[in-house]
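Peer 1: Dock chain to chain to rebuild the complex, using the hints, since each chain is given by itself in its own frame.
Chain by chain, the residues:
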Amino acid sequence: MEKRYIRNFQQSFEAIEEEIKKAIIGQEEIVRNMLIGIVAGGNVLMEGTPGLGKTQLVKVLSQVLNVSFARIQFTPDLMPIDILGTVIVNKKEEDFGFTFQKGPIFNSLILADEINRATPKTQSAMLEAMQEKTITVGGDTYKLPEPFFVLATENPLDMEGTYPLPEAQLDRFLFKLKISIPNMEALSRIIDITTGKQNILQIKKVADKEAILKMKEIAMKLPIALPIKEYAIRIMLATHPQQSQFQAVKDYVKCGVSPRGVQAMIKAAKVRALAEGRFNVSYDDIEDMAYPCLRHRIFMNFRGLADGVDTDDIIKDIVKRVK
Amino acid sequence: MQSHPAEKTLKKLKGKIWGERILNLMIQGLLVSSIFLFLSILFSHIYPIVYVFRKVVYMALFILIIFISIGLFKKPLLQEAATIGDSLGLKDRLVTYIEYKDNKSPVVEVFMENLEHIIENMDIVKKYKVKIKFKNLLIAALISSLSLGVYFLPSNARQIAEESEDINKMIKEEAKKIRDIKEKKIDSASDDASKDLINTLEKLEKKLESCYSFNEAATEISQTQRKIEGIDVRNTYDMIEALSGVFNGTLAMENSFEISLMNDDIDKNLDIGLNTNFSEEDQQKFLKNLKKEMDKPHNSNTKDILKKIEAELANNSLNKEKLKRMIKYNKENIEEDTLIKLQEAKERLMAQDDNGMKNQVGDYQFSTFDKGKNMDYRKGEVSDSDENKMFIGGRGNKSVTSSCGIGGGHQRASDEGRGEETLGELDKNSKNERLGDDGSSVSNIYGQINDSGTIIHQVSNKVLAIDGESSILEAALKEFQKDGLKYVYKYKIPLKRRELIMDYFSRLNGGELDGEEIH
Numbered sequence: 001m002e003k004r005y006i007r008n009f010q011q012s013f014e015a016i017e018e019e020i021k022k023a024i025i026g027q028e029e030i031v032r033n034m035l036i037g038i039v040a041g042g043n044v045l046m047e048g049t050p051g052l053g054k055t056q057l058v059k060v061l062s063q064v065l066n067v068s069f070a071r072i073q074f075t076p077d078l079m080p081i082d083i084l085g086t087v088i089v090n091k092k093e094e095d096f097g098f099t100f101q102k103g104p105i106f107n108s109l110i111l112a113d114e115i116n117r118a119t120p121k122t123q124s125a126m127l128e129a130m131q132e133k134t135i136t137v138g139g140d141t142y143k144l145p146e147p148f149f150v151l152a153t154e155n156p157l158d159m160e161g162t163y164p165l166p167e168a169q170l171d172r173f174l175f176k177l178k179i180s181i182p183n184m185e186a187l188s189r190i191i192d193i194t195t196g197k198q199n200i201l202q203i204k205k206v207a208d209k210e211a212i213l214k215m216k217e218i219a220m221k222l223p224i225a226l227p228i229k230e231y232a233i234r235i236m237l238a239t240h241p242q243q244s245q246f247q248a249v250k251d252y253v254k255c256g257v258s259p260r261g262v263q264a265m266i267k268a269a270k271v272r273a274l275a276e277g278r279f280n281v282s283y284d285d286i287e288d289m290a291y292p293c294l295r296h297r298i299f300m301n302f303r304g305l306a307d308g309v310d311t312d313d314i315i316k317d318i319v320k321r322v323k
Numbered sequence: 001m002q003s004h005p006a007e008k009t010l011k012k013l014k015g016k017i018w019g020e021r022i023l024n025l026m027i028q029g030l031l032v033s034s035i036f037l038f039l040s041i042l043f044s045h046i047y048p049i050v051y052v053f054r055k056v057v058y059m060a061l062f063i064l065i066i067f068i069s070i071g072l073f074k075k076p077l078l079q080e081a082a083t084i085g086d087s088l089g090l091k092d093r094l095v096t097y098i099e100y101k102d103n104k105s106p107v108v109e110v111f112m113e114n115l116e117h118i119i120e121n122m123d124i125v126k127k128y129k130v131k132i133k134f135k136n137l138l139i140a141a142l143i144s145s146l147s148l149g150v151y152f153l154p155s156n157a158r159q160i161a162e163e164s165e166d167i168n169k170m171i172k173e174e175a176k177k178i179r180d181i182k183e184k185k186i187d188s189a190s191d192d193a194s195k196d197l198i199n200t201l202e203k204l205e206k207k208l209e210s211c212y213s214f215n216e217a218a219t220e221i222s223q224t225q226r227k228i229e230g231i232d233v234r235n236t237y238d239m240i241e242a243l244s245g246v247f248n249g250t251l252a253m254e255n256s257f258e259i260s261l262m263n264d265d266i267d268k269n270l271d272i273g274l275n276t277n278f279s280e281e282d283q284q285k286f287l288k289n290l291k292k293e294m295d296k297p298h299n300s301n302t303k304d305i306l307k308k309i310e311a312e313l314a315n316n317s318l319n320k321e322k323l324k325r326m327i328k329y330n331k332e333n334i335e336e337d338t339l340i341k342l343q344e345a346k347e348r349l350m351a352q353d354d355n356g357m358k359n360q361v362g363d364y365q366f367s368t369f370d371k372g373k374n375m376d377y378r379k380g381e382v383s384d385s386d387e388n389k390m391f392i393g394g395r396g397n398k399s400v401t402s403s404c405g406i407g408g409g410h411q412r413a414s415d416e417g418r419g420e421e422t423l424g425e426l427d428k429n430s431k432n433e434r435l436g437d438d439g440s441s442v443s444n445i446y447g448q449i450n451d452s453g454t455i456i457h458q459v460s461n462k463v464l465a466i467d468g469e470s471s472i473l474e475a476a477l478k479e480f481q482k483d484g485l486k487y488v489y490k491y492k493i494p495l496k497r498r499e500l501i502m503d504y505f506s507r508l509n510g511g512e513l514d515g516e517e518i519h
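Chains as they are written, first to last, in UniProt numbering: chain A, 1 to 323; chain B, 1 to 519.
I should point out that these hints are in silico values taken from the structure, not numbers from a laboratory.
Every residue, glycine too, gets a C-beta built ideally from N, C-alpha and C.
Heads up, a few of these hints could be off.
Said to hold, decoys possible - Incomplete in silico selection of chain B near chain A, CB under 10 Å:
1) LEU90
2) GLU99
3) VAL107
4) GLU109
5) GLU113
6) PHE134
7) SER300
As the list claims (entries may be wrong) - Taking lysine-lysine pairs in the DSBU-like style, the calculated list, with each CA pair at most 30 Å apart, reads:
8) A:LYS320 with B:LYS14
9) B:LYS11 with A:LYS229
10) B:LYS91 with A:LYS178
11) B:LYS101 with A:LYS229
12) B:LYS133 with B:LYS16
13) B:LYS133 with B:LYS55
14) A:LYS320 with B:LYS126
15) B:LYS104 with A:LYS320
16) B:LYS74 with B:LYS91
17) A:LYS323 with B:LYS55
18) B:LYS91 with A:LYS316
19) A:LYS209 with B:LYS104
20) B:LYS126 with A:LYS323
In isolation and in its complexed conformation, chain B is listed as follows (with noise of 0.2 Å):
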C-alpha cells in the first residue's frame, strides 16, 4: 500500500530537524568548551597544571561529543516534526494526519486528498529554514582565540608547570627503557616468576608516567627493587625448601645444609652441606623425598630444577657437580640485570634532581652543565703512582671513569635505605679535573688531546656559567668517601653483608676505614 506523501515529508522533515539540532548541539558543545578552555586555561595561571593545554583540549572534545551525543539520541518525534512543519502554514494538518491516518471516514478521506494535494503544492521541507546559531560559534571562536592569547602569557604558576612537564618528559625516556626491559622479558617469560617481574615492571612503567619529580620517580622504582627481590627472594625460598625435601633425611645431608641453603648462597654451600657422591642408596631416597615434593604446590622453577634431579636420579647419575650447576643456572635467571638496570635508571634520575651534589665548601652544585654551574666530564686514565688521580693522555695504565659509588653528601638519599636490611644507597658521582685554560668561562669541552696534555682541536660550548671552584680530585674523593661513609653507617647493615661491605669501602678507602685503619 502506497504510503501518504506526508509521511515521507514527515520523515524527511524529522532528518531536517534533526540535523539542525545535532549541529546547534555540536555549536553549543563547542561555546561551553571555548568557555572551559578559557577557565582552565586562566586558572592554570593561578594553580599550576601539567600538560594543561592537552588536557583541557582532550576535555572540550569531551564535552564536544557528549553534547553531540546529546542531539544523537534527541531524535524529533513525529509529533513533534507535525508541530513544525503546521507552524510553516499547514494549518494543524500534519498533527491531524498523524492521529487519523488509519480512519477510513468519509471526512477523514476527504482530508487526506486535501491534505495530499497542498503536500503536492508546498515543499514544506525546503520551506523549513534550518536556524544555525552563528552568534553562538562566533563567541566560541572569539573565546577560544582568546584562551590562545591567555595561553601564552607569562605567569609563574605556568613556568612551574613548565618546569615540572620537562621533568616527566626526562621520567618518560626512563619508563621507556622499563618498556624495553619489559618486552624483552615477555619474549622469554615462562614462569609465574617471570609473568610477575613482567607486571611490575607495567606497573611501574604506568607509574612512572605520572611522575612529575624525580624523587618520586626514584621512590616508585625502590619500591619495584623490593617488589623484583621479593618475587627473587620468593622463588629462593621455594626452592630451598623443595631442595631441603629432598635432601632431608638422607646421609648426603650435613646439619648446616639447611642453614647454609638459607644464607642464599646455595652453590657455595653444596660444597659444605653435601657429600661429594651420593650412593645408590642415597639416591632412592633422594627420589622417593622428591616424588613427594613434586606432589606440593611449588612454583614453576622449582618443579624444573626438581624435574632435571629426577631425570638425574632415574639414571642414578646425580652428583654434586650437576646438581650445582642446575642451581646456578636457576639462580642466573633471578633478575639480576633487572635490578641492576632499575638501579642505574634511579641514579640517573637522582643525578636529574635539583639538589644536586654538595661541593668542597658543602654547597650544592647542579650535576649537568645546562643549569649553568662549572661541570664538566672527561674519561681518563689513573696514574700508576696515585690511584686516585687522574691524567689525560698516555701517563696512565688504567682507563677509569671516575664513577665511585659514593654518597656525595647528597642529601636524597632512597627510601629503600631508611630502617631495613639492604644496602644504603650510594649515588654515583663523576667528578673530573678541568681542561682549558684557568680562569676560562667554558665547559664541555670535546676534543683531542696531545703530548703535553693539552686540548688540540677543541669543540667548546659555551653555556651559561660561572666559574667555579676548580676541585682537585683526590681531595673531592676523600670528603666524598668520608662522607659516604657516614651514610653507609647511618644504616643497619645485614650480618651477613657486613665483611663484603668492609671490604669494599677499606678498597675505596685504600685500606682505610674512615680515617682508620681497617682491622
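Bound-form chain A, shown alone (with noise of 0.2 Å):
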C-alpha cells in the first residue's frame, strides 16, 4: 500500500464530502456519517420523516463515487423477488433457456426507503443480502457489487401496518441516524435551490469504487492502542443491566450491546480518525461513534419506553462516566 494514500486519506474524505455538501445542505453531520459508514463497509438505518433528502441524498453519493445506485421503496405488497431478481424463461431460437433477472439490489448504493412497511419475509431477504454481500436463486450464488452501501430509512410517523425491524435485524445496520429538519438558513438555501432562484451546482465525480475500496482498505489498518480499546469495550460490557453498574441501564434496558456493536464503533472510529488528519485511534473517536453505533441495538424494556427515556441518554451517561 502506498503511504501517499494514506497520507491523501483526509483530503479524499473531505474532497467527497464537500462535494456532497453542495447539493445536500444542513445535513453536515448526516453526510459525515454517511460517508464514514460507506467508507467503514457497513450499512447505515436512517429515521428521518419524508421530505428531508434522503433519496437526494444517495443520489448523490451515488454521482459523487460514479457508482450505481438504486431506490426500492418498500411496500407491504413488495416481495423478495422484487429486490432480488428472478429467473426468467428466456426463448433462444428454438430453445427456452432461463436467465437470471437482476433485481435492484445489484447496485453499489441502495436506498431501501421505508424498510420497515415491507413484511419480514421480503426484509429478511433484503437484510440477508446486506449482510452475505451474496444472493442465491435456484442454485445460483451471484455476488453483489463492491463498494455495496444500503441506506435503509424508517418513517416514524407511519406506524400502523408497519413490521418494525426486529433486534437481530437491527443489528445488521452498522449506523443509525436521525436526520431532523434543518435550520432557518439551510433551509432558505433549499428553497432557493429547490425553487429556481439559484441553480444547483453539477455535481462532480470526486472518486470512484475502487478510491472506497482502498479507503476501507487503509482504515482497516489504522493502530488503536489498547486502552481505547478497552474503553470500547467496557462502554459495551455497561449496556448490559446484568453487569453494569449504572442505575438508569439496570432500570430501562432490557437487552444490551451485542459484540458486533464494539466491531461498528472501532471501525468507524478509524475512519473518522483518518477523516480527521489523524494516524491513530483517540477516545474522543470512540465516543463520537458510539451513538450512531449504539443507539439501535440497545433494548429498552417497558419501564424505559413507558417512560420515553431515550437510548442516546444512556449512551451519554456511559460514555461519560466509563472514562
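Peer 2: Structure follows, in C-alpha cells:
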C-alpha cells in the first residue's frame, strides 16, 4: 500500500464530503456519518420524516462516487424477488432457457425506503443480502457489487400496518442516524436551489469505487491502542443490565449491545480518525461514534418505553462515566 | 538506530512528572508532619512528655523522609507519561506510539512521521505545567506556626516535663563521667574481666541517659556496682580455685589455707596459710599441679598469675613474699577505683533528689542552694579541743571537710541494701555553720576570714531563701549519727565485716555506739 494514499486520506474524504454538501444542505453530520459508514463497509439505517432529502442524499452520493444507485420503495406487497431478482424464461431460437434477471439490489448504493413497511419475509431477504453480500437464486450464487451500501429508512410517523425491524435485523446496520429538519438558514438555501432562484451546482465525480475500497483498506489497518480498545469494550459491557454499574441501565434496558456493536464502533472510529487527519484512533473517536453505533442496539424494557427514555441519554451517561 | 523524538519527549515528561510528584508528596509530608507536630504539642500540655519538641521534630522529619521516599519509589510509568502528554492535545498519539513503536506497517510509519512532525511543533514537556499544591504548603506553615505558639504556652504538664528534662541533663553529666571512666578502661583492657567491665559501664551509660529521676539513676548505678562486684568475685573465685589447685596436697598447704583464701583476703592469709619457705620438692609438686591447672578453663587474669608462678617455679625461686606480691598486684587490678567513682556518682545523684535531708526538727530541706533553703557550705578546721566542732581560720589544727558518711535520716536508701549481705547505704552530709550576720538571709558567701572570724571581702549571692534554723554541728551530727546507726542496723551485716563496721562507727561516735559505749 502506498503511503501517499494514506497521507491523502483526509484530503480525499473531505473532497467527497464537500462535493456532497453542495447538494445536501444543512445535514453536515449526516453526510459525514454516511460517508464514514460507506468507507467502514457498513449499512446505515436512517430515521426521519419524509421530505428531508434522504433519496437526494443517496443519489448525490452515487454521482460523487460514480457508482450505480437504486431506490427500492418498500411496500407491504413487495416480494423478495422484487428486490433480489428472479429467473425468467428466455426463448433462444428454438430452445427455451432460464435467465436470471438481476433485481435492484445489484447496485452499489441502495436506498431501501421505508423498510419497515415491507413484510418480514421481504425484509429478511434484503437484510440477508446486506449481510452476506451474495444472492442465491435457483441454486446459483451471485455476488453483489463492491462497494455495497444500503441506506435504509424508517418513517417514524406511519407506524400503523408496519413491521418494525426485529432486534436481530437492526443489529446488521452499522449506524442508525436521526435526520432532523434543517435550520432556517439551510432551509432558505434549499428553497433557493429547489424553487429556481439559484441553480443547483453540477455534482462532480470526485472518487470511484476503487478509491472507496482503498480507503476502506487503509481504515482497517489503522492502529488503535489497547486502552482505547478497552474503553470501547467497557462501554459495550456497561449497556448490559446484569453487568452494568449504571442504575439507568439496570432500570430501563432489557438487552444490551452485542459484540457487533463494539466492532462497529471501532471500524467507524478508525474512519473518523483518518477523516480528521490523524493516523491513530483516540478516545474522542470512540465517544463520537458510540451514538450512531449503539442507539439501535440497546433495547429498552417496558418501563423504559413507558417513561420515554431515549437510548442516546443512556449512551451519554455511560460514555462519560466509563472513561 | 536513532530513537524517535517521542521517546525523548516521553522520558523528559516522565522526569518532570516524577519531580512534581516528589515535590507534592514532600508538601503532603510537611502537612502531615505539621499536623502531627501540632497534636503532639497539644498533647504534651495534657501529659508530660520530655524533650517533646526534639522528639516531635525528629518524628516529623521521619514522616517527611517517608513521603519523599514514597515519591522516589513511585516513579511514573511510560504509559502514565503518555496519558498525561496526550491530554495536552496529542489525541492519544503517545499511547498509540508506545504500543506500535516496533510495528513497521505503512500506516504505522505514516503515523510515526505525523507524530514526529507534531512533536517538533509542539513542546509537550514545556506545555506540561507542574502543579504545586501551594495551598497545602500554606496550611502546613500555618499549623507549624501555631504549634510553635502552643508549645510556649505554660501548663502543668509542660512544667513537669521541663523539670524531668533538667534532671535528665544533670544525670547525663554523670553519664559523661561514666563514659570517661569507660574510655580509660578501654585503653588498658586486656582481659575478659576488663571487657566485661567496659560492657557493663557502657550499658550503665546508656541507661543513665534515659533516666529521668535521680532515684532511678542511683538504682541503675547500684545495679552496676553489684555487677562489677560480681565480676570481681568471679575473678577472685577463679583465682582461689586455681591457687587451691596449685597448692593442694602439698606440705606447704595449711588446712585453713583454703578457708582463708575464701575469706577474700588472700595476701593476709598467706601468712597463716603457707609455710615460710617452699622446699624444692614442694615447688616441683606445685609445678605439676600448676600444669594441670593451666589446662583448665580459667580466666585470663588467673592464667597470668599462674604463668608468673610457673616462671618462678621454673627457677625454683618461688617464695611467699613473691606470691603475695603477685596476688596483691592482681587484686589491685580489681576495680576498686571504678566502684568508688560509681559510689560518688550515686551519692551526688541522691543528694540532688527532691526530698533532700532532714533537719533537726525533722523537716526535709533541700541540699542545694538554688532550692531556696537555708544551706551553706564551708571548709573549715576541726578544733583540737572538740573533734566535732568546726572553726574558721587558724584555731584548728586539722582541716576536714565535714563529710561524715552518715545517713541523716535520708529516706532514699539505695536498693542494694535491702535483704543483701552488703553494707547499708549511707548518705554524705555536709552541715556547716553559717557565716555572716545573724538574721541575715544571705547565703552562699565566699570570702576571706580574718583573725576574729569575720568575713572580709565577701562575695555574696542573694538567692531566694528563707531564714532557716541555725543548727549547731554537734547536735546535728549526733542526730545523724543516731539515725544513721538505726539505718545501719536495719541491714544484715556480714560476719566478716561486722567487726570493721562496729569499729568504724565507734570512731565516728567518739567511742559510743548508739549512746552506749562499745564493748
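Peer 1: Hint by hint, where does the structure go against what was stated? Just the numbers, ascending.
Peer 2: Hints 6, 7, 15, 17 contradicted; others consistent.
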